[in-house]
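A.B. asks: The residues making up each chain are set out below.
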Amino acid sequence: MNALLEVRGLSVSHARGARRFFAVEELDFDLAPGEVLAIVGESGCGKSTLLASIPRLFADAQSRIDSGSVRLAGRELVGLSEDELRPLRGAAIGFVFQDAHAALNPVLKVGAQVEEGLRAGGASTLELLAQAGLPDPARIAASYPHQLSGGMRQRALVALALAGRPQLLLADEPTSALDPVLGREILELLTGACRRQGMGLLLVTHDIGLALRHARRVAVMYAGRIVELAPAAELGARPRHPYTAALLAADPARTPRGKRFAAIPGAAPAPLERGAGCAFAPRCALARERCRIERPALVEGSACFFPDEVRP
Amino acid sequence: MAAYLRRRLAWLLPSFLGITLVVFLAVHLAPGDPALRESFDPDAGSADAADIERFRAEHLLDRPLAVQYLHFLGPFDLSPRGHRWFGGSGEHAFGGLLALDLGSEIHRPHVRIVDELGRRLAVTAPLTLAAALLAWGIAIPLGAWSAVRRGQKRERALALGLFALHSLPGFWLALLLVLAFGAAGLGWLPVLGLHSAGAEDLGWFEWLLDLLLHSILPVLALALGSLAYLTRQVRASMLEVLAQEYVITARSKGLSERVVIGRHALRNALLPAITLAALILPALVGGSVIVETIFGLPGMGRYAYEALLERDYAVIQAVTALSALVTLLALLAADVLYALADPRIRHG
Amino acid sequence: MAELRTVLQCWRRRPLFWAALALVCALHALGAAAPLVANDAPLWLAAPGGARFPALEPLNACERFVLLLAPWILCTPLWAASSWRTRIGFGWPAFALVLALVWQLSAGARTFVPAGEWKRQLGAQSALFAPIPFGHSETNSSEPWRPPTWLAASEIDEQGHYVERNVMGHPGGLELPPSPVEVRAGEPARNAALRHPLGTDALGRDLAARVVWGARNSLAVGLASALFALVLGTLLGSLAGWRGARTDLVVSRAIELVLCFPVLFLVLLVVSVGSGGVSAVWTISGVLGLTGWTGVARLLRAEFLRLREAEFVLAARGLGFSEWRIVLRHALPNALAPVIVATSFFAGTAMLAESAISYLGAGLVEPEASLGGLVRGGTEHAWMVIFPGAVLALAVIAWNLLGEELRDLNDPRIPGRRA
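Protein chains in written order, with this note's numbering: chain A, 3 to 314; chain H, 116 to 463; chain U, 36 to 454.
Heads up, a few of these hints could be off.
[To be verified] With beta-carbon atoms standing in for the labels, derived distance ranges:
| id | chain 1 | residue 1 | chain 2 | residue 2 | range |
| --- | --- | --- | --- | --- | --- |
| 1 | H | 269 | A | 76 | 36 to 44 angstroms |
| 2 | U | 285 | H | 124 | 15 to 23 angstroms |
| 3 | A | 272 | U | 50 | 50 to 58 angstroms |
| 4 | H | 269 | U | 110 | 34 to 42 angstroms |
| 5 | U | 314 | H | 163 | 22 to 30 angstroms |
Just so you know, these hints were derived from the structure itself, not from any lab. None of the values given here were measured: they were computed from a predicted structure. No residue lacks a Cβ here, since even glycine has one placed at the ideal position from N, Cα and C.
With the rest of the complex left out, here is chain A (with noise of 0.2 angstroms):
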């Protein structure tokens, strides 16, 4: 089956003053049409410049791809000029936004909003609302973004990223802002409208429990890198990386009652620090001297010297 979404060693940088840092590196993976990929990590290991560097939407101009490629439906993205990315934005890459309030714009009715991104030939405004599963569309298209309560404003904006019938689409953190309820609706959203339209979708989160849900597959980011990419199953039952078991046991979710929080030890490093070897090394309890020297590269999904001896 062709993938929808090719990435092969793809790099992105920021710059911060007069110095550039590498936010990803080398990153490979696949997305099927109609699949639903997670991408779970702590905050600043790269997942959301990952999700921006596909359509080009960097929020700083001096974000750039230094390598790699990206492909969708086989045709490469690195290296289009704005003119020829510009129309595959919204009409095959789909955005959904974490911050519903910051997203939509305060002086725009949320239906005028939905129709900029609309394409010929595919549902009206109104339908694209209530398929969100907003009641009385018509009421909520005349509303001001300020008007809506924080989940209806979700709703509006997952109506927004659909609107053009993309291919892909690409969710930062959707349901961070919501409690958990809410977080699930939207999210069950998201998949079914994947199923129903074959789109793929790539969802960025930091709850490992919510991937594991929801994904049928699952990428854990570390320091830029992807350290593990398995089915969602088998990560949650046999992790294959000593950061994956961590998120895990650090899970809420899944820790018994009774016991306590497990938390990993130490910080991730910052992008300037990072220094040959495996980055997790500080932190692993399996670290060898190996690791601190030679850098695992991802082999059989995993980013590891010893998958194996990694406990659940």
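Starting from the known structure of chain A, fit chains H and U onto it as the hints suggest.
C.D. replies: Then chains H and U, alone, in the frame of chain A:
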């Protein structure tokens, strides 16, 4: 929004009183005795006591401050010639700001300031309006462009130029324009007055053209004074908006950059400009004093200057009060417009 | 030595800031040292009874103090780059200078020596004159409206005719019969290029000398207004932000009110009523200060409103510190940075306002003219307009640049920020 507007309107009266109080106090608390000065006889080398007394009585300078303020405010005239209820002769029953009577010129008591102001405003109002339109007309596109092209060489050069323009004295700019384009320099444009000599004999089209030519330099001089500041404000506002996430959302829909900037960014960035337009009114009016004096235009600013030369504080008082009150109303109008333009306030 | 190296490192990291600071200090030092820069009396005279310093004799104590501080001001960029202790140790004289400069402007009484007197009395003694050997009110009726002497058009022959018939800007109005140029003792030759590098005005006074003294006055008014606005704005702004509620309401309305007034009109109003003996400096600084406090007040109000709920304030309150102590030692230092920025900008604005007022004749006029008043003296002549205006523009640019750089320094989003 109704509550917001009601609150703003409620402050109108105290602000109005506050402005009149400030103008009044500026005259009456300033060190200096106009009675002494007006009655001073250069030949005699001193002032006649009777003259001083008469001046004081006429202008109520011997009454308590509160009474003077009430006389200034109106609508009743409290002077010896004023309303009968207050012991006056009844000749001139009503006066003061509330009666729209701004008094007479000190040296020419037969000239009512209100009448003269009306004549002068016919020059100043179009001048100020044209300058404001020109300044905004350049500032908005320039500021927006400057924000979008931030950091590029051309933008940095522009920023430098604007910075220099912002630091230049307004009267200096006007004088340089006169030197450059006037008879002493290139001689392209007239620099004195609103009409050439013998303009009454021209046909209406030539008359209009003559007027326009005379207006170019004054309007330009007045606009340049605010241009730099306005452009920088628009740029700052635009930069703030461009950093917002809804701009990225707009881009993610595949909209062209022109639509993103024009429809999404600019609408938000220009909201503060509504209030700013009212706030720069005092600066424009102040600038009009300089420009009208240099270019010899018979406007309100020049009126104030002439009054200064004659030490006619009644005129300047009237002009100051009028300007401040107009600005107050403009600020109120701006607030209303802002409330209408920003849906967050319109629909509470 | 190590201190100097740190200083140089500081300069290299933010060159624009130090350039702006150096410019502001240089201008103020020049103004402070005006008696030594442009004076018709010699700086040093070998008299029979010993050396004399005629330039310094008419100065009162205040002015001598100001003169002393000039080199101190010049070195500000050096000590401003050092530690806080050094800054305070060296900074207070600069502050004293500000007050002294302002005070001496209004202190009228000083020993009056008619301009040019020393030159007339100078015999064969050796004397050292100031770099600009002309006084600011030294008239010379033999060369009115003379263009800058480095221009070929300014050349005058021995009979007093201009060598080139078409002299730039020579007015057709006052046709004085040409007379030989009177060159007094200590002055450069008649056609020396640097005799009057900026030209002369209607009374033959050297414009360069008047620009130096005019700059001194303009800078002083700018500083005085800025200080006044700073004090008033700090008081009102902190009150409004700290007390909140009703005080805030009153102060905010007051700010709105003040913003409605065209400042120029208010000054004209006050001047037209009459100054009654109060020096024009105080009148103008007073009105400018009374209308300029709004910027600082708004900033402080915002900061204090924010700081009121800040944790360290709550902690201080919890420890039982008095209100005043919290405000002065904890809240105010945090709020100070934007206030200094605003004051720097306002100093420039005040200078522009004062020059406009003086141009109209309502401010500092003859004989203690400011830069605006100098332009008033001769608007048809290019050099009379260009040079004073350029110096004024330079001063304002310096203040504005300093303000911008200070703002960038304190902005956490911009790299290279000093802690």
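A.B. asks: Please write out, lowest number first, the hints stated earlier that are contradicted by the structure.
C.D. replies: The structure conflicts with hint 3 only, although it agrees with all the remaining ones.
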